[in-house]
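A.B. asks: Residue numbers (the numbering used here), protein chains in the order written: chain A, 16 to 313; chain B, 16 to 313.
Everything labelled a hint here was simulated from the structure, so no lab data went into it. Be aware that a few hints might be false.
Copies of the same chain look alike in the list, so a pair counts if it fits in one copy or across any two.
[To be verified] Straight-line C-alpha distance at most 25 Å; calculated PhoX-like pairs for lysine-lysine:
| # | residue 1 | residue 2 |
| --- | --- | --- |
| 1 | Lys170 | Lys287 |
| 2 | Lys287 | Lys35 |
| 3 | Lys278 | Lys203 |
| 4 | Lys278 | Lys91 |
| 5 | Lys94 | Lys104 |
| 6 | Lys42 | Lys54 |
| 7 | Lys170 | Lys54 |
| 8 | Lys203 | Lys94 |
| 9 | Lys54 | Lys203 |
| 10 | Lys54 | Lys91 |
| 11 | Lys94 | Lys82 |
| 12 | Lys196 | Lys35 |
2 protein chains.
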Amino acid sequence: MRTYPGCIVCFFRQALEAAKISGADEKTQNRILIELSQKLPDFSLNSSPPEMGRLVYRLVTDITRRKDPYLEIKQKSNKFAFSMYNELKKRIASSPNPLIEAVEISIVGNIIDYGIYNSNDITENVRELLIKEERAVKEEEEEFFNYPAFESALKQAENILYLGDNAGEIVFDRLLIEEIKRLYPDKKITFAVKGGAIINDALVADAEECGITGVARVITNGVDAPGTLLSLCSPEFSEAYNQAQLIISKGQGNFETLSSEEKPIFFLLMAKCPVVAAHIGCETGTFLLLNISSTDFL
Amino acid sequence: MRTYPGCIVCFFRQALEAAKISGADEKTQNRILIELSQKLPDFSLNSSPPEMGRLVYRLVTDITRRKDPYLEIKQKSNKFAFSMYNELKKRIASSPNPLIEAVEISIVGNIIDYGIYNSNDITENVRELLIKEERAVKEEEEEFFNYPAFESALKQAENILYLGDNAGEIVFDRLLIEEIKRLYPDKKITFAVKGGAIINDALVADAEECGITGVARVITNGVDAPGTLLSLCSPEFSEAYNQAQLIISKGQGNFETLSSEEKPIFFLLMAKCPVVAAHIGCETGTFLLLNISSTDFL
């Protein structure tokens with residue numbers, strides 16, 4: 016997905032948000048925004064938003080000298096998500112269709128995104144969606160939720176690459192991985208996290224904290240971008256990417272960077288921002304399970 | 016009020032919104048955002064946000080060559096507000112305290128702000144607030160609603176200058192002016208609109224369309240800014256401003272540009288953006304009737 020004009024506005028919003036979270040005073044916040052505005056004209060709008068996002072956060076990090084300002088937030092998110100683990104595990108087990116339940120729960124986890132929401136919104140939204148008895152995916156959204164194709168791709172794939180998104184959220188991914196392994200104990204699952212601190216995206220430490228290391232082989236993609244910039248990824252990641260028969264891609268950032276790739280990718284995400292929603296043609300807030308064959312907009 | 020970091024983010028949001036309303040295609044929208052980012056470093060952050068706002072909208076106008084892109088929106092707003100005139104007139108007449116009712120209704124009208132909201136939100140919010148039976152100002156907000164001081168200043172003033180804000184909204188201001196004239200038929204009321212097209216701010220044509228010309232002397236301030244930039248205002252406006260014993264200032268833009276002036280100004284507005292709300296120390300959405308003596312933050 017290319018960078019839309021709405022993304023440019025969002026870069027400034029994100030820079031300010033990250034500056035505040037890094038503890039920057041007002042003068043430093045202004046400096047960050049001014050320096051961002053100076054860099055903007057050099058940026059190619061044909062790139063994907065996470066490419067610029069990476070530069071935006073790097074600028075904030077360089078100026079504030081806080082290398083991982085979201086560390087505390089990530090640890091809190093991990094704890095918050097973990098507090099729901101047992102309840103959700105039971106919910107999946109008692110569901111008439113445990114796999115679809117696990118898929119939906121993993122998408123609910125995609126709300127834990129500090130690039131878009133603040134902490135209170137996240138806790139409230141996740142709880143609200145999980146408390147509901149009815150299915151999270153509404154009937155009118157089913158055109159964006161290609162579960163039959165996902166189920167069939169899952170059956171056939173031997174090697175699965177799972178692209179993680181945010182800290183906390185990965186507890187919800189773990190539940191889906193555990194469900195996949197319960198159904199298909201022989202599948203080989205590799206879970207990829209980001210290669211360096213970027214917003215609240217999960218790193219290896221988070222994968223360890225959330226128990227992903229116990230259910231999948233964990234690797235990093237080698238890059239500190241809020242998505243998957245294939246041209247920069249490590250050889251280890253590229254190999255896993257090329258060998259996978261199924262790629263489960265979580266979140267907007269991975270969608271924005273991989274939506275044009277001709278690979279067996281299923282994108283699991285919530286359309287959180289109006290630009291991504293408009294690009295896909297759905298409402299903001301829609302739960303998405305997309306693959307290339309199910310769509311003509313990727 | 017000075018320009019906060021949050022205002023810088025908002026300038027980009029406003030530029031994009033205005034570009035879209037002007038019918039700019041995506042390429043032009045990008046050009047506008049890039050040119051804005053190039054101009055930003057030269058801007059003094061000690062200025063008030065409407066000073067920069069004026070340049071932002073001028074940039075959009077220069078590039079799109081649409082001189083008054085909000086014209087249609089303004090006309091719709093006038094009609095929308097007028098459709099409620101009779102109902103609101105009765106509501107004021109039947110209120111136990113018609114003046115306070117008229118003040119509150121005039122602040123409800125401040126929602127009609129296309130710099131902040133979109134059309135659907137405005138219609139919904141205004142109707143919702145007006146449908147309610149209870150008073151619009153909640154008890155906990157009364158520290159920001161200095162009605163006793165306003166009532167007393169109104170009694171004493173001979174010349175009143177009323178600074179209008181947006182098209183449509185001025186129908187609600189007309190109701191307040193009519194109530195003031197019912198109570199005090201001898202007061203001389205001058206109503207000032209903006210000197211040139213800027214967002215959906217009311218111009219002379221709107222004052223005529225909304226019947227302000229029948230209840231007050233209408234002048235322009237001579238400037239196309241979304242606030243009152245005193246140093247640029249016309250001699251006619253400056254005279255009215257200096258001679259007034261009471262200035263009723265509507266909306267955020269007039270607040271942002273006049274909040275440090277030592278004049279008998281009462282600011283009637285809704286705190287619509289988080290930056291203004293934080294500056295004042297209230298919640299977003301609070302109804303405000305502020306004067307200098309009632310506050311130490313102006």
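A.B. asks: Sort out which numbered hints this structure fails and list those numbers smallest first.
C.D. replies: Checked against the structure, the hints that fail are numbers 1, 4, 7, 8, 9, 10 and 12, while the rest are satisfied.
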